[in-house]
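Heads up: the sequence lines are chains A, B and C, in that order. Heads up: the first sequence begins at 1 in the working numbering, then just goes up one per residue. Heads up: the second sequence begins at 1 in the working numbering, then just goes up one per residue. Heads up: the third sequence begins at 1 in the working numbering, then just goes up one per residue.
Take the hints with a grain of salt, since some may be wrong.
[As the list claims (entries may be wrong)] Examples of chain A residues lying across from chain B (beta carbon under 10 Å, computed):
| # | residue |
| --- | --- |
| 1 | Ser176 |
| 2 | Arg179 |
| 3 | His182 |
| 4 | Val200 |
| 5 | Val202 |
[To be verified] Between beta-carbon pairs, the in silico distance windows are:
| # | chain 1 | residue 1 | chain 2 | residue 2 | range |
| --- | --- | --- | --- | --- | --- |
| 6 | B | Gly106 | C | Met181 | 48 to 54 Å |
| 7 | A | Ala96 | B | Gly106 | 26 to 32 Å |
| 8 | B | Lys107 | A | Leu173 | 44 to 50 Å |
| 9 | B | Glu133 | A | Ala5 | 22 to 28 Å |
| 10 | A | Val298 | B | Glu133 | 29 to 35 Å |
Just so you know, these hints were derived from the structure itself, not from any lab. Glycine residues also receive a C-beta, built at the ideal position from the N, C-alpha and C atoms.
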Amino acid sequence: MKTTAWIRNTLLLAAAYVAVPLALGGNQYVMSMVVAALVIGGVALSWALLGNLGGMVSFGHSAFFGVGAYVSALTTVKLGVPVLPAMLLGGAGAAAAAVIMLPVLRLRGPYFALAILAYAHIFRILATEWSSVTGGAGGVAHIPALPTVFGFELASKSGAYLVVLTLVVLCALAYSRIRASHYGLALRAMHDSEDATRVVGVNSTLLKGLMLLVSAFMAGLFGAFNAHYINFLEPDYAFSGLWVTLPIVAAIFGGYRTILGPVLGAVVVYLVDQLVFKSLIPTGHQLVLGLLLVAMIVFSPNGLLPLLLKALRRKEAGKEKQHA
Amino acid sequence: MLELDNVSVRFGGLTAVDAVSLKVGSSDVIGLVGPNGAGKTTLFNAISGLVRPTSGQIRFEGRNVMATSMYQRARLGLGRTFQIPQPMHELTVRENLIVAQRFGTGKVDHAKLDTILDFTSLADKAGRDASSELALTELKALEVAKALATDPKLLLLDEVLAGLETNGKRRFMGMLKDLHAKFGVGIVMIEHDIETISNLCQRVAVLNFGQLIADGTPEAVFRDPAVIKSYVGADAGGPDA
Amino acid sequence: MTELIAQALYSGLLQGGSYALIALGLALVFGTMKVINLAHGELVLLAAYIAYSVESGLGLGPMFAIPIALVIVSLTSVGVYAIISRIKKDREINSLILTYGIGVILTNFILLVWKADIRSTSSSWLQEGFEVGPLFSMRSEVIFFGVSLVLMAALWRWLSTSWYGRAVRAVASNRDAAKLMGIDPRRTEIVSFLVAGILAAFAGVALFSYGVIQPAYGSALTVKAFIITVLAGIGSIPGVLLAAVLLGVCEALTVTLASSALQELSGMVLFLLVLFILPNGLFGAARRRG
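Chain A on its own, in the form it takes in the complex (with noise of 0.2 Å):
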């Protein structure tokens, strides 16, 4: 990596493993909410690997999310599974599931949403019926908190910050790595020519496989955080469709075809939800998440945040000329 990319990531973690602890951490409300915004972040950069390594658009993130969720939940509550290697059994049940959506992915770009899309329905009313696992409707309560280690209760709200940042930054870090391989570059030259590829040895569908189950692997891993923090899961929650909108306006926003973006897109958008849509429309304020997506698409489909920071960018090179 170039040394000022180095720089800039070694700053940023420094930034955000310490500095936002110290600053932010007596505040519970807005730590909460960083919170939240880095697991939908986290959700959001999943999205994003399947889409860009993946080459698929996927509308039923929510199913992964909700299954690492429940996995997580009920080895805790029912089998005395402990939190953390639970979550890892979470992100694994997701996987499972992707296993399940593979013979979907010989299908076309929208057949292949609209299946999954599909799947996603499919969990949520396994969960709502299937009560003598799931606990049906009314859900599964007193889920375990995350543990205490060395002292640290990482069920604080700065604990569990440190903990799903870990988790971002982990999933940050597989992602650069899988997108620099060999692997990455087949990946890529997949989208618009994988009988190219296939011709000189390449197992396209594997490969796609194998980015479904990381994708999913890695949203059920948050999902699976996430019901230990709130310690508290019920279907119309876990499968909730917020967790496919709100990923989707993360990962777009902050720029999908980057891996920061949409973790940074994640928490301006969910702040921004959370402060400004939620108080002008208690009920469906979903509705201008919804109208940021279409302006999105329409005017700027590669992400907002890129965009401001060119334009950012322009008036310093602007002003450096102006001095010179």
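Using the hints provided, position chains B and C relative to the given structure of chain A.
Relative to chain A, chains B and C alone:
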């Protein structure tokens, strides 16, 4: 090395390839000719795995490959170029070769890639974007280079010379001439130009309406009345015309 | 037992008519523009809620809502087209996200205006029983099944004989060739969205007349329409009707034999079965793979 045993490919009511039997050895350079629509590219599609034959057997190096998918056949050593070049999008020329070599052979050997780039005259274009910054000659060269990068034992070349002007054609012919010698691959090439075929190949197979109507040396094949008929039609030539 | 099953078959058949209208609207738009309108189900739902407003506000039966629903829903449908046509690049992917966003807007608009309560018609005339031998249904079910058959026949005729209908088919099969023939694809696109809106309007009013509606239902309707197109394969109007009836019957049987809560699930399971076992749909011969 490659054995086709009564291979037929039918699409609905249309028989594109009709009971073709052919043997290709590891040191053969074979020309595949025939009028347009004779089924040559379909035969290539069947051999490389893009299309499933309706009947017959295909054996590569002794093993039945009918159930092997296209990417697996590439890894086994069956390389193929497309008539209309299909570069890998969003990748540079070098990256195209890296992917081909990495997934076709299992590892990346940059020295070997450089040899291939030199051989196909693409060395100075290595950093260019494959789908948007190459001329036709270069795209066709990339097709050959990609296939070579998978370290093939057999190379199926589909009309590599089509659409090239005189200079490009001459350069390519020189390259094709050295292909077998330098890389030790068996070659089956689809071309239309009889002179080219006679020049490059020791053996020619002729396809007409999906059927193999001749298989022998260029001299023998191009004097075969059945072959002449297939190219120029039944009423051409002869004292009664 | 057999009476229950026969009744389920009959109810499913009647329901299939409206389902077919919804699926046909989705397929028509996809055919001409290669775009799947993820907000299509919401258009149907909008028509249903308009019928509700007409009934509760003006005291008139849903039948009178049809003209109003036709105008509003068709205009909304064409509005969707106007937005989609502004997309310059990556139309396939971007239009998916776009129509998804429009669906979110419509669903929440409905939620805002009509609140989350479940609604259905209070017209007793429509709900009155109508018997065909031992088989029982609501009058509304039979009426709207007849309406949907008439509409499908009209659509078939329109596609095969009228200029615009044949233009739609031409653009669907080969856009560039159609342009060379002097057909303006944009006009046919608008027409297909218009017709899809008309079909959606009728389906929506029908839905309100014999079923229950709630704001979240829009997305489920789009999924149902999609399942039907998967079942039917790339086929003809009769194929879509058959697939729609099949879905309706499956749902009815599930409600009768299992529980009403699993009704949605039956369609999904059917969809998965077809995906695994018959990837070309029940009737379609064309491959859907890219």
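A quick look at each hint next to the structure:
Because the beta carbon of Ser176 of chain A sits about 17 Å from the nearest beta carbon in chain B, more than 10 Å, this interface hint is broken. Because the smallest distance between the Cβ of Arg179 of chain A and any Cβ of chain B comes to about 12 Å, over 10 Å, the interface hint for this residue is violated. With 10 Å as the threshold, the beta carbon of His182 of chain A comes within range of chain B, its nearest partner Cβ sitting at about 5 Å, so the hint holds. Taking 10 Å as the C-beta contact cut-off toward chain B, the hint placing Val200 of chain A at the interface holds, the least distance being around 4 Å.
Hint status for Val202 of chain A relative to chain B: holds, with the closest Cβ pair at about 4 Å, below 10 Å. At roughly 52 Å, the beta-carbon separation of Gly106 of chain B and Met181 of chain C lies within the given 48 to 54 Å, and the hint holds. A C-beta distance of roughly 29 Å is found between Ala96 of chain A and Gly106 of chain B, which places it inside the suggested range of 26 to 32 Å. Between Lys107 of chain B and Leu173 of chain A the C-beta distance comes to about 25 Å, which lies outside the given range of 44 to 50 Å.
At roughly 26 Å, the beta carbons of Glu133 of chain B and Ala5 of chain A sit within the given window of 22 to 28 Å. Look at Val298 of chain A against Glu133 of chain B: about 30 Å separates their beta carbons, and that is inside 29 to 35 Å.
Hint violations for this structure: numbers 1, 2, 8, all remaining hints satisfied.
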